[in-house]
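Asks: The primary structure of each chain is shown beneath.
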Amino acid sequence: MPSIFLVLIAVVVIFGVAAVVVGRQRAKAVAAAPVATPIAPAATRSPEPIAAAEVEAEPDTDVEVDGEPESFERPRFRDRMAKSRAALVGVFSGVRGRAGITNETWDDLEEALLRADVGVRVTDELLNGLRARVKAKELTDPDALLDALQADMIGRLSASDRALRLEPGEADSPNVWLFVGVNGVGKTTTIGKVGAQQRQLGRTVLMAAGDTFRAAAAEQLATWAQRSGSELVRGNEGSDPSAVIFDGIESASARKIELVLADTAGRLHNKTNLMEELRKVRRVAGKGRGRVTEVLLVIDATTGQNGLAQARQFAEATEVTGVVLTKLDGSAKGGIVFAIETELGLPVKLVGLGETIGDLVDFDPTEFIEALFSE
Amino acid sequence: MFDTLSDRFDGIFKKLRGKGRLTDSDVDEVLREIRTALLEADVNVAVARTVVERIREQAVGLKLSQALDPSQQVIKIVSNELTNILGGQTLKITYAGRPPTVVLMAGLQGSGKTTNSAKLAKWFKSQGRQPLLVGADLQRPAAVEQLRVLGRQIDVPVFSEAGDPVTVAARGLAEARRLGRDVLIVDTAGRLAIDSDMMAQVRQISEAIEPHYTFLVIDAMTGQDAVGVAEAFHETLAIDGVILSKLDGDARGGAALSVKEVIGRPIAFASTGEKLDAFEQFHPDRMASRILGMGDVLTLIEQAEKAFEKDSATEAAQRLMDGEFTLDDFLDQMQQLKKMGPLSGLLGMMPGMPKELKNAKIDDDDLKPVEAIIRSMTPAERRKPEIINGSRRNRIAVGSGTSVGEINRLVKQFSEMQKMMKRMGPMTMGKKGKKKMPMMPGGLGALKGQMPGAFGDMPFNQR
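Protein sequences, first through last, are from chains A and B.
First residue of the first sequence: 28, per my numbering; consecutive thereafter.
First residue of the second sequence: 4, per my numbering; consecutive thereafter.
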């Protein structure tokens, strides 16, 4: 207890002083200094008031309305990640081109892994393991080394169950899949695609527009609901997301809809009050007739090392059951999933390989790694 | 999660104490740590390499002075180097002689173009301009609607219509002229840098409106790919500046450094919160310390600014400097501190905290006895704990459900803490009004320099 007192007082004072000093400097620097606003714990963020509340329906132009199911031609990781692996392929062929395993070999491999956002720690672990095997003459030529690296990487993504959980139950007890993540990763789009796929599999779907913060997020989801033939429940902008999602679940229960896809507003994982709000969303979602069978964390493949912090915080707040890795068809390689899977044990379940509905596919580690390595 | 660079250095430099000069192999070891820190901050591998080489040139033969902590010396070199890269030329907006001044926003999906278009419009408004927003993102469902809502919030008109984005942008320009708006901001759809059709389209938009400024919006959380993206957009559009979005997260934001180094264009603005006025011109020095893992304190300060009520914090700080900080003030500040989240998390983020504090397992429930003790004191006792005698002690112990010994320790430590703060107060606050912030690299060093010492004097392990 006594040392806690010390800690406290130090922290209190340092923060207090710092806040004041910075506040003052800002007040000097900027004419209109932002006034420190006390925030109530777990406050819901309220969007700035909208002058005119009328929402005119803007006809979405560039929208392919697909009333009838399109046939799924599952895209191959190799084709879609073609651009993204180009940079790595150069490195790997350089490694293969050498007669033996040299210092340059290790430098090349390290660079390739780091450039794929695998991160310093995982890269070191992978390469140290291989170094030991090279030293023990277990691996002697570059091809064997690359194969071993590939196998180790696949081994790191060995989560057993990557299937989305849709548990059968009473007709009035829908499965609930909750989508969480930081801003701009593609939560709403992912819900749209998952919804469309589930509809094509013949399931009834309701989308709950729990992103009550971002302007027009509900409209965006409404477009997806309409395209996929799903029901939609939405609240007013700025309303309590827990309530919207709860209503969605109850509505689905009453109408015997099998699956509720619940959207949430993007939030940075270091915002305590917003994470509290999300914790409440998760809690409330499990209170009614629904069963929360998936909490999917959506992560953008361009995310760097911060992805691990994101995953840790969201997992802690909402019992995340799996990861959706979006935008893997860009030039980013999504290497942060290695750290996320191994350190947090969260399986990647879905991967976004393109813009169309069929481009959101089940994650296949072998295919993923082979796409990274193949030439 | 990550060790700060100074923590890493401490280990290396312990071995170097007493040496007058860094040898090549010492430097190698230090540079490796710098490289790791940069990579963990998502600085691009190639950029990290060149930065480290530049630092090597300055570090080789660095004379170690007895007076200065060598790790601080090296950190200063690194931090200066990063600040130089991030800063350098800044972007000054000059308005077109023949309005409107045209601004084009481009970037990947989800980087924050629409939100930042509105924020930029609001910023222009604050500069006395009359912007018009154009919604040329016809790809993402409801993107235009999002822009319209944001436009209403900041009272800026929004133009958009169905059709193709190039035409919409061009008609937006005509509309700005017709309405006499002097700044035009064109929001475009997010696109992958490797999508040649979409890149061709944004080039057409650019040709149609001939922007005076083209901004690339980059997410502060972006990893290694930031460089490739920036290069591709720069090649297609000739970027004038970067807007760094989501800087209110806890990403180290090495992407900013990479992009600046690779395309040589300044980071013009940073988006630092969800509110539409959380948008400011970029501070290179802050970013440098953040990339080095010292920046958490800045985020903390900002959180603190929000959580702490300014007036009471100002008063408390004033009393602190005067050595009049009482248990009441402490209790009050503690309540505000609680709003910032779990204490153990906060401690972990603080730089310069001694290891034993950083790793201390502290539950917020542990605060309760402390609160109980203070609340069981009379106002006079809270102001002047010296007056607490035997019978008062007994009363407080009973009232708070603790023991006399605990009260003794609390009072003793509070008085020692007061002494320490009196020493720290003038040092931390002394430079007020000067530009240098105490939390900036130099000042941070100074703070760190004093804190462990100050903590060292304290009877930590006393139980």
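Please note that a few of the clues may not be correct.
Stated by the list, open to error - Facing chain B, according to a computed beta carbon distance under 7 Å, are these residues of chain A, among others:
hint : residue
1    : A175
2    : A178
3    : V212
4    : A242
Hints were generated in silico from the structure; no laboratory data involved.
Being a predicted model, the structure only gives us computed values, none of them experimental.
The beta-carbon is built from N, C-alpha and C at its ideal position, and this holds for glycine as well.
Asks: Now, for every hint given, state plainly whether the structure supports it.
Replies: Tested hints:
{"no.": "1", "hint": "A175", "verdict": "violated (22 Å)"}
{"no.": "2", "hint": "A178", "verdict": "violated (24 Å)"}
{"no.": "3", "hint": "V212", "verdict": "holds (6 Å)"}
{"no.": "4", "hint": "A242", "verdict": "holds (4 Å)"}
Of the numbered hints given earlier, the model fails hints 1 and 2; all others are met.
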